[in-house]
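Respectively, the protein sequence lines represent chains A and B.
Letter by letter, the first sequence follows residues 16 to 292 of the working numbering.
Letter by letter, the second sequence follows residues 4 to 186 of the working numbering.
Be a bit skeptical, because a hint or two may be false.
[As the list claims (entries may be wrong)] Derived pair list, reagent style DSS-like, types lysine-lysine, alpha-carbon separation capped at 27 Å:
| no. | chain 1 | residue 1 | chain 2 | residue 2 |
| --- | --- | --- | --- | --- |
| 1 | B | LYS76 | A | LYS50 |
| 2 | A | LYS41 | B | LYS152 |
| 3 | A | LYS41 | B | LYS137 |
| 4 | B | LYS137 | B | LYS64 |
| 5 | A | LYS41 | B | LYS94 |
| 6 | B | LYS183 | A | LYS41 |
| 7 | A | LYS228 | A | LYS211 |
[Stated by the list, open to error] Which chain B residues stay away from chain A? Per the calculated CB distances, all over 12 Å, these:
| no. | residue |
| --- | --- |
| 8 | LEU12 |
| 9 | LEU19 |
| 10 | ARG139 |
| 11 | GLU158 |
| 12 | ASP161 |
| 13 | LEU163 |
| 14 | GLY164 |
| 15 | LYS171 |
[Claimed, not checked] If you want the footprint, here are the derived chain A segments under chain B, 3+ residues with CB under 8 Å:
| no. | stretch |
| --- | --- |
| 16 | 135-142 |
| 17 | 176-185 |
Hint data in this document are derived by calculation from the structure and do not stem from the laboratory.
The beta carbon of each residue, even a glycine, is placed where N, CA and C say it ideally should be.
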Amino acid sequence: MEEIRAYIESGVLELYVLGDMSTEEKLQVEAMAQKHPAIQAELREIEIAMEMYADAQSVEPSSQLRDRVLNSLLTNLGDDRNLRTVKRNIPDEARVVAIQQRATTSIFYKYAFAASLLLLCISAVALGIVYNRLQDSQQQLVSLRLNEQKFTRQVSFMNEELNVFRDPSFRFIQLKGTPKTPASTLTVAWSSKRSKVMVDLSSAKLPAPGKGKQYQLWAIANGKPVDLGVFDKTTADSTDMKLMKSIASAQAFAVTIEPLGGSVNPTTDQMVVLASL
Amino acid sequence: MAKKHKLSLSEEELVLALQRHDKIGAEALYDMYSASLYGVIFRIVNDTATAEDVLQEVFVKIWHSAASYNNTKGRLFTWIVNIARNLAIDKVRSKDYKNQFKNQELENNVGYIDKHNSTEYKPELLGVKELVDKLRPEQKSILDLIYFKGYTHTEAADELGMPLGTIKTRLRMAIQQLRKHFN
Numbered sequence: 016m017e018e019i020r021a022y023i024e025s026g027v028l029e030l031y032v033l034g035d036m037s038t039e040e041k042l043q044v045e046a047m048a049q050k051h052p053a054i055q056a057e058l059r060e061i062e063i064a065m066e067m068y069a070d071a072q073s074v075e076p077s078s079q080l081r082d083r084v085l086n087s088l089l090t091n092l093g094d095d096r097n098l099r100t101v102k103r104n105i106p107d108e109a110r111v112v113a114i115q116q117r118a119t120t121s122i123f124y125k126y127a128f129a130a131s132l133l134l135l136c137i138s139a140v141a142l143g144i145v146y147n148r149l150q151d152s153q154q155q156l157v158s159l160r161l162n163e164q165k166f167t168r169q170v171s172f173m174n175e176e177l178n179v180f181r182d183p184s185f186r187f188i189q190l191k192g193t194p195k196t197p198a199s200t201l202t203v204a205w206s207s208k209r210s211k212v213m214v215d216l217s218s219a220k221l222p223a224p225g226k227g228k229q230y231q232l233w234a235i236a237n238g239k240p241v242d243l244g245v246f247d248k249t250t251a252d253s254t255d256m257k258l259m260k261s262i263a264s265a266q267a268f269a270v271t272i273e274p275l276g277g278s279v280n281p282t283t284d285q286m287v288v289l290a291s292l
Numbered sequence: 004m005a006k007k008h009k010l011s012l013s014e015e016e017l018v019l020a021l022q023r024h025d026k027i028g029a030e031a032l033y034d035m036y037s038a039s040l041y042g043v044i045f046r047i048v049n050d051t052a053t054a055e056d057v058l059q060e061v062f063v064k065i066w067h068s069a070a071s072y073n074n075t076k077g078r079l080f081t082w083i084v085n086i087a088r089n090l091a092i093d094k095v096r097s098k099d100y101k102n103q104f105k106n107q108e109l110e111n112n113v114g115y116i117d118k119h120n121s122t123e124y125k126p127e128l129l130g131v132k133e134l135v136d137k138l139r140p141e142q143k144s145i146l147d148l149i150y151f152k153g154y155t156h157t158e159a160a161d162e163l164g165m166p167l168g169t170i171k172t173r174l175r176m177a178i179q180q181l182r183k184h185f186n
C-alpha cells in the first residue's frame with residue numbers, strides 16, 4: 016500500500032494524463048492501473064480535474080464553424096454510406112457500370128495529371144531558356160555600354176588633344192635622351208599662358224622603368240625642380256596625351272624614373288630625358 | 004452565448020457513435036467539446052483563424068481515428084484534448100506560424116482572450132483568472148509550460164532550472180489545487 020501511495024505521489028500519473036511520456040512508460044502506468052484500483056481511481060480524478068480545467072476556460076467558437084466542421088466530417092461519411100449501399104443493393108451489371116465510371120474518371124485524372132506534369136516540365140525548360148537568353152542580352156547590353164563610354168571618353172579626349180594643336184600658345188618641346196639613354200625622346204606640350212603641361216605618350220620612347228617604378232616629369236623653375244606628376248607608358252593609355260600638373264614658367268623639363276607615386280626630389284642619376292628652353 | 008439545443012450523449016454512446024461514423028456522433032462530439040477544445044487551442048495559438056483551422060483538424064483526426072480509442076486507457080476527453088493540444092502546439096512550432104506571429108507571451112493570453120471576445124463576454128473566464136491566481140506562480144508556470152506550450156517535463160526542468168523530481172511534484176501540486184477548486 017505504501018508503494019502505491021509513493022507511486023501516486025511521484026507525479027507520474029499527471030504526466031500520463033498530459034500525454035508527456037514514452038509509449039513504454041504509458042504501458043507501465045496502464046499495467047499498474049489495471050492491478051491497483053487506487054491508481055485507477057487517482058487517474059480518473061486527475062482526468063476529471065483536467066477536463067474541468069479545460070471546460071472552465073472554454074470559449075465558444077463562431078457559430079459558422081459548426082457547419083464547416085460537421086460538413087468536413089459528414090461529406091466523407093456520405094461517401095462511405097454510398098459505397099456500402101452500392102455493394103448491397105445494386106445488381107451486378109449496374110455495379111460493373113459504376114466501377115467503369117469510376118475507372119474512367121480515375122484514368123482521366125491520371126492523364127490529366129501526366130499532362131500537367133509534362134506541361135510543368137516544358138514550362139520549366141522554356142523558362143530556363145528564356146532566362147539564359149535574358150542573361151546573355153543583359154551581358155551584351157553591359158559590354159555595349161562600356162564600349163560606348165570608352166568611345167565617348169576617347170572622343171572628348173581627342174578633342175582636347177586637338178585643341179592643343181589649335182591653340183597657338185602651346186609650345187612643343189622635344190626632350191632628348193641623356194648620355195645614359197641616348198635613344199629616348201619625349202614630346203611635352205606646354206602653354207605658359209594656360210599653365211598647362213601635357214606629355215605625348217604615343218610618340219614617347221623611354222627605357223622601361225622596371226618593377227615598382229614610374230616616370231616622373233619635372234620642370235626646372237628658377238633653378239629648382241618642380242614636380243609635375245607621374246605617368247606610365249602602359250598599353251592602356253599609351254596612345255593618349257596626358258595632362259600633367261600645371262606650371263606657368265619653366266626653364267627646363269626633365270623625366271626621371273622614381274618609385275611608384277613619385278618622389279619629392281628628382282633622382283638625378285635616373286634622368287632619362289631632358290630639354291632646356 | 005444563448006444555450007441552443009445542443010446534443011449530448013453519454014461517453015459510451017458517443018464513442019460507439021463515433022466508431023460507427025454516425026452523424027449523431029459527429030454532432031454530439033462537436034456540441035459537447037468544441038468550446039472546451041477551442042478554449043485550449045486558442046490559448047495555444049492565440050489567433051482566431053488559426054484556432055478555427057486547428058479545431059477542424061482536431062475533429063477530422065478524432066473522426067478518422069476513433070477506432071483507436073480504447074476506454075480502458077482513460078476518459079474520452081483526455082484523449083481528445085491531447086490530440087487538440089498536440090495539433091495546436093505543432094502548429095505554433097511550425098515555421099510558417101513562427102514567421103507570422105513573433106513570440107507573444109503566454110502570460111498575456113488570458114487577457115487577450117477576454118479582449119478578443121468582448122462582444123460575447125464570458126463571466127466564466129473571470130473564474131479562470133481567479134482559478135489561475137489560486138495556483139502559486141511556480142505551479143502555474145509549470146502547468147503552462149507543459150499544458151499550453153507543449154514542453155515535456157524534462158524540457159520544463161531545463162527551462163526552469165529545476166530537478167525533474169521538483170517539476171513532477173509541483174505539477175502534481177498544481178493539479179491537486181485544481182481538483183480542490185473543482186470539488
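For LYS76(B) and LYS50(A), compute the direct alpha-carbon distance and say whether it is at most 27 Å.
Answer holds: LYS76(B) to LYS50(A) is near 13 Å, not above 27 Å.
Over 12 Å to the closest beta carbon of chain A is the bar; see if LYS171(B) clears it.
Its Cβ does come within 12 Å of chain A, the nearest being 3 Å, so this is violated.
Interface exclusion of LEU163(B) relative to chain A, criterion Cβ beyond 12 Å
Non-interface label on LEU163(B) holds, nearest chain A Cβ at 15 Å vs cutoff 12 Å.
Under a C-beta cut-off of less than 8 Å, do 3 or more residues of the stretch 176-185 of chain A approach chain B closely enough to confirm the stated coverage?
violated (count 0)
Does ARG139(B) sit more than 12 Å from chain A, CB to CB?
holds (16 Å)
Given hint LYS41(A) paired with LYS183(B) - CA-CA distance at most 27 Å:
Within the cut-off at roughly 26 Å; holds.
Given coverage of the stretch 135-142 of chain A by chain B, tested with a Cβ cutoff of 8 Å and a minimum of 3 residues:
This one is violated; 0 residues, fewer than the three required, reach chain B with a Cβ under 8 Å.
LYS41(A) and LYS152(B) were given as a pair; does the straight-line alpha-carbon distance stay at or below 27 Å?
holds (21 Å)
Hey, LYS41(A) versus LYS94(B), does the alpha-carbon distance stay inside 27 Å?
Satisfied, since the Cα-Cα distance of roughly 25 Å is no more than 27 Å.
Just checking, GLU158(B) versus chain A, shortest CB gap more than 12 Å?
Not fine: 10 Å to the nearest Cβ puts GLU158(B) too close to chain A.
Evaluate the condition: distance from the CB of ASP161(B) to the nearest CB of chain A exceeds 12 Å.
Label holds. Min Cβ-Cβ 14 Å, cutoff 12 Å.
Does the claim that GLY164(B) lies outside the interface with chain A hold up, using a Cβ gap greater than 12 Å?
Per Cβ check, GLY164(B) is outside 12 Å of chain A; nearest 18 Å; holds.
Consistency note: the structure conflicts with the earlier hints numbered 3, 4, 11, 15, 16 and 17.
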